[in-house]
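Engineer: Read off the chains here:
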Amino acid sequence: MYSKKVIEEFSNPHNVGVIEDADGVGEIGSTVDGDIINISIKVKDDVIEDIKFKTFGCVVAISTSSAVTRLAKGKNVDEALELANEDVLEALGGLPEGKDKCSGFALDALKLAIEDYQEKNK
Amino acid sequence: MDHSATTPVDPLVVDAMLPYFSEMFGNSSSLHSFGMEAAEALARAREQVAEAIGASPEEIIFTSGGTESDNLAIRGVIPHDAGKKHIITSVIEHPAVLNTCAFLESMGHDITYVPVDADGIIDLQELKGSIRDDTVLISVMHANNEVGTIQPIEEIAKIAKENDIYFHTDAVQTVGKVPVNVDDLGVDMLSISSHKIHGPKGAGALYVRKGTVIEPIVFGGNHERGLRSGTENIPGIVGLGKAMSLASELLGTDAKHMQEMRDSLISRVFDALPDVRLNGHPTQRLPNNVNLSFKYVEGESMLMMLDMKGIAVSTGSACSSKSMNASHVLTSLKLEDDYIHGSLRISLGKENTMEDVDYVVESLKEIVLKLREMSPLSNS
Amino acid sequence: MDHSATTPVDPLVVDAMLPYFSEMFGNSSSLHSFGMEAAEALARAREQVAEAIGASPEEIIFTSGGTESDNLAIRGVIPHDAGKKHIITSVIEHPAVLNTCAFLESMGHDITYVPVDADGIIDLQELKGSIRDDTVLISVMHANNEVGTIQPIEEIAKIAKENDIYFHTDAVQTVGKVPVNVDDLGVDMLSISSHKIHGPKGAGALYVRKGTVIEPIVFGGNHERGLRSGTENIPGIVGLGKAMSLASELLGTDAKHMQEMRDSLISRVFDALPDVRLNGHPTQRLPNNVNLSFKYVEGESMLMMLDMKGIAVSTGSACSSKSMNASHVLTSLKLEDDYIHGSLRISLGKENTMEDVDYVVESLKEIVLKLREMSPLSNS
Ligand SMILES: Cc1ncc(COP(=O)(O)O)c(C=O)c1O
Ligand SMILES: Cc1ncc(COP(=O)(O)O)c(C=O)c1O
Ligand code: FES
Ligand code: FES
Chain A
1 MYSKKVIEEF SNPHNVGVIE DADGVGEIGS TVDGDIINIS IKVKDDVIED IKFKTFGCVV
61 AISTSSAVTR LAKGKNVDEA LELANEDVLE ALGGLPEGKD KCSGFALDAL KLAIEDYQEK
121 NK
Chain B
1 MDHSATTPVD PLVVDAMLPY FSEMFGNSSS LHSFGMEAAE ALARAREQVA EAIGASPEEI
61 IFTSGGTESD NLAIRGVIPH DAGKKHIITS VIEHPAVLNT CAFLESMGHD ITYVPVDADG
121 IIDLQELKGS IRDDTVLISV MHANNEVGTI QPIEEIAKIA KENDIYFHTD AVQTVGKVPV
181 NVDDLGVDML SISSHKIHGP KGAGALYVRK GTVIEPIVFG GNHERGLRSG TENIPGIVGL
241 GKAMSLASEL LGTDAKHMQE MRDSLISRVF DALPDVRLNG HPTQRLPNNV NLSFKYVEGE
301 SMLMMLDMKG IAVSTGSACS SKSMNASHVL TSLKLEDDYI HGSLRISLGK ENTMEDVDYV
361 VESLKEIVLK LREMSPLSNS
Chain C
1 MDHSATTPVD PLVVDAMLPY FSEMFGNSSS LHSFGMEAAE ALARAREQVA EAIGASPEEI
61 IFTSGGTESD NLAIRGVIPH DAGKKHIITS VIEHPAVLNT CAFLESMGHD ITYVPVDADG
121 IIDLQELKGS IRDDTVLISV MHANNEVGTI QPIEEIAKIA KENDIYFHTD AVQTVGKVPV
181 NVDDLGVDML SISSHKIHGP KGAGALYVRK GTVIEPIVFG GNHERGLRSG TENIPGIVGL
241 GKAMSLASEL LGTDAKHMQE MRDSLISRVF DALPDVRLNG HPTQRLPNNV NLSFKYVEGE
301 SMLMMLDMKG IAVSTGSACS SKSMNASHVL TSLKLEDDYI HGSLRISLGK ENTMEDVDYV
361 VESLKEIVLK LREMSPLSNS
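Going down the list, the protein sequences come from chains A, B and C.
Per the UniProt record's numbering, the first sequence starts with residue 1, numbered consecutively.
Per the UniProt record's numbering, the second sequence starts with residue 1, numbered consecutively.
Per the UniProt record's numbering, the third sequence starts with residue 1, numbered consecutively.
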């Protein structure tokens with residue numbers, strides 16, 4: 001039911017952790033209604049130099065978090081903001097029916113982190 | 001380690017079934033000798049099932065499985081031309097019971113869903129209080145398939161009897177694990193599923209006490225005394241009969257073995273990890289059921305990691321688009337939010353060993369620590 | 001020689017099933033890898049069944065057998081909260097259809113039973129004339145299990161379509177014997193039974209054309225898209241899939257072989273004995289069905305004597321306490337009294353040979369002559 005890429009990403013997630021002196025932090029979700037995704041970024045010259053995630057959630061929540069951090073790392077923040085569901089789905093070889101909308105959560109956390117950075121650096 | 005979901009068929013059961021696919025393939029309704037062999041096999045299986053639960057052969061109706069048995073028991077007691085009737089059940093029943101009740105509700109009948117306490121035991125006072133003049137049936141499961149809690153069936157039977165109400169129990173999870181005797185339990189109907197007790201899928205039975213009047217839900221050539229039409233699944237039924245015999249023969253040894261593994265597993269997980277909770281009743285539980293909740297981690301992720309280590313378990317905490325949904329059973333137990341999303345059911349089988357338990361404990365420890373490290377909720 | 005009642009399971013089918021009892025015993029609803037194997041097996045079987053009848057996999061609902069498929073098709077189209085509805089069927093349907101209709105009648109719905117001619121072909125004018133505004137379903141079997149008559153399904157389908165009525169056919173007897181393609185036939189629903197085509201008992205399927213809205217009759221964990229709850233009988237379904245594949249692969253050869261035996265058997269019995277009648281249509285009939293009536297003798301007596309010679313057949317003329325009852329099918333064909341009590345159905349299988357036919361003809365001749373000698377009706 002899950003693609004090989006999902007299982008691989010889930011078993012060996014990239015960029016797990018929290019950046020202590022982060023330039024931007026985004027967190028979505030709550031324990032009441034489910035997944036919590038926390039993304040922190042380190043930015044230099046508008047480029048995401050480092051990015052880490054912590055996620056409480058299902059296989060999809062964890063693997064999309066990992067995929068999003070991989071896709072965003074090294075990108076200019078404006079490029080990173082343009083990342084779409086399709087990019088995440090492609091990176092993971094698709095998601096099962098009923099869970100295919102969930103790639104958006106990790107992207108939302110990333111966007112919040114970038115907005116947080118932009119807010120602080122206005 | 002997911003034996004509550006299904007079990008492998010015992011080789012002795014397969015051996016018993018095989019001849020009925022080929023040499024003795026007859027149809028029990030045929031008049032000729034090939035048909036007789038089938039009819040005899042059917043009669044023998046009926047005796048085996050009856051004997052295992054202390055019933056008479058005429059009280060056993062063969063069905064296609066536990067789900068159909070539950071449907072037949074519940075819809076069977078409501079004649080289709082009767083007026084509005086009332087049924088009492090519990091909030092933690094299997095979907096085969098709950099969805100059948102929901103169907104009857106949509107047909108205009110009334111259903112009362114009695115709540116359970118934090119350990120999953122039904123509230124007997126509420127049950128008593130909900131009885132009405134038009135109550136025709138109480139249906140409460142013997143043991144719950146998720147959290148393993150065993151209900152006080154004898155007491156419910158007494159209440160039903162005093163009020164002249166039929167009493168059905170879904171014993172799909174208890175047969176072969178705790179003693180199931182229809183007279184000791186005092187039930188009028190009892191559901192059995194073959195594939196939960198090392199028998200084949202596609203076979204089940206409903207015990208219907210003599211004098212209990214029910215109507216069929218499948219119509220046709222009037223097999224099974226008119227209560228379940230359709231050419232009988234002879235090999236499947238032969239397999240169920242054999243599986244029931246084996247289960248009752250080995251009940252003592254098997255249950256003791258499973259219970260030892262269960263208790264060891266639980267205490268060792270508690271020793272190895274903090275922030276763990278046992279769901280279901282501490283002692284009134286199936287000898288093979290372990291249901292644990294782990295703070296800070298989510299059920300499906302644990303399940304997947306265990307699966308990659310070759311350990312099959314199940315979870316009542318499923319994450320589906322936009323929301324994490326806990327099963328109706330966990331929700332009924334009113335688990336705290338912290339614990340409800342990280343539940344795992346480990347259901348042992350007689351063929352498991354203490355080495356399997358070691359491996360599960362080690363793997364669980366590693367996996368939970370790894371997931372907690374990823375979790376924003378935990379401060380590890 | 002009683003292959004319309006049931007068939008032995010093909011050894012290739014048993015081989016296909018066996019792994020699913022033991023190594024791959026998973027439950028298709030589980031998330032883990034054991035469950036995946038089961039889910040894959042289910043998907044493969046669904047494709048095999050779909051391909052054999054020219055359908056899409058999503059249009060196949062697995063059931064416990066032909067009887068349940070008929071029940072689901074017919075009761076499925078009547079929402080339980082709908083008002084009074086009308087269904088059209090024929091007088092010669094299988095009890096799985098007739099008794100389901102009788103149940104719906106007792107629930108307040110209307111049923112029209114269209115008559116057949118002397119060969120068992122449905123009266124299309126009467127069928128057309130019986131259509132009403134509230135007619136929701138026409139259910140007419142593809143071929144009759146007793147006399148083998150094949151109905152003009154395509155024509156009935158056209159009538160149903162013109163009038164915007166769902167059309168169901170019970171194809172339990174035709175699959176593997178005549179071409180069964182849901183688009184060529186033009187049906188919306190079609191019933192299949194595994195044990196009639198060298199598959200295992202306890203499995204069946206209902207084809208439901210995309211867009212056909214039906215409701216479940218068994219409630220529970222929402223297996224089979226919610227239309228048939230209950231843990232799937234994986235080995236049984238795998239067997240059905242394999243049996244369907246084999247049946248459609250070998251259809252040409254098998255049907256030709258059976259038809260040759262059929263025609264030889266019929267003409268040789270006519271040559272050997274006077275006062276014989278062929279029941280059912282002379283050409284529009286199942287390639288494996290021979291249904292003969294012998295004047296002056298009674299069905300059960302012939303059946304018993306044939307059985308003693310190792311030949312299994314069936315009869316539509318059963319003698320039960322106090323009255324000789326002919327089957328509803330023979331009665332509908334309006335056989336003369338002389339012939340109605342002495343009917344025999346010989347249903348050939350692909351594994352039969354011309355030597356078997358020789359033996360049956362010889363035995364029949366001997367037995368009928370012997371019984372006629374005993375009969376006060378015959379002047380021999
Ligand atoms: C308590 C309980 N009742 C009923 C069922 C349904 O039985 P079956 O799987 O045979 O349809 C199950 C198993 O899924 C169960 O655990
Ligand atoms: C025409 C027909 N329909 C339905 C059935 C019932 O199918 P099953 O035996 O699988 O319940 C049969 C066989 O008994 C049949 O011959
Ligand atoms: S995040 Fe778990 S299913 Fe969507
Ligand atoms: S049953 Fe035939 S004589 Fe009574």
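Treat the hints as calculated values from the structure; they're not laboratory data.
Keep in mind that a hint or two might mislead.
Unchecked claim - In silico DSS-like pairs for lysine-lysine, Cα to Cα no more than 30 Å straight-line:
| id | chain 1 | residue 1 | chain 2 | residue 2 |
| --- | --- | --- | --- | --- |
| 1 | B | Lys370 | A | Lys5 |
| 2 | B | Lys85 | C | Lys161 |
| 3 | A | Lys101 | B | Lys295 |
| 4 | A | Lys111 | A | Lys75 |
| 5 | A | Lys101 | A | Lys4 |
| 6 | A | Lys111 | B | Lys370 |
| 7 | B | Lys256 | B | Lys210 |
| 8 | B | Lys370 | A | Lys52 |
Engineer: Now tell me, hint by hint, if it's right for this structure.
Structural biologist: Hints, verified against the model:
Restraint check for lysine 370 (chain B) and lysine 5 (chain A): the C-alpha separation of about 20 Å stays at or below 30 Å, so the hint holds. This hinted pair does not check out: lysine 85 (chain B) and lysine 161 (chain C) have alpha carbons roughly 40 Å apart, beyond 30 Å. Annotation: proposed proximity of lysine 101 (chain A) to lysine 295 (chain B) holds, straight-line Cα distance about 26 Å (limit 30 Å). Restraint check: the Cα-Cα separation between lysine 111 (chain A) and lysine 75 (chain A) comes to about 13 Å, which is no more than 30 Å; the hinted pair holds.
With a C-alpha separation of about 19 Å, the suggested pairing of lysine 101 (chain A) with lysine 4 (chain A) holds against the 30 Å cut-off. Among the hinted pairs, lysine 111 (chain A) with lysine 370 (chain B) is consistent with the structure: their alpha-carbon atoms are about 26 Å apart, no more than 30 Å. Proposed proximity of lysine 256 (chain B) and lysine 210 (chain B) is contradicted: the alpha carbons are some 33 Å apart, above 30 Å. At roughly 16 Å between alpha-carbon atoms, lysine 370 (chain B) and lysine 52 (chain A) fall within 30 Å of each other, so this suggested pair holds.
This entry does not satisfy hints 2, 7, going by the numbered hints stated previously.
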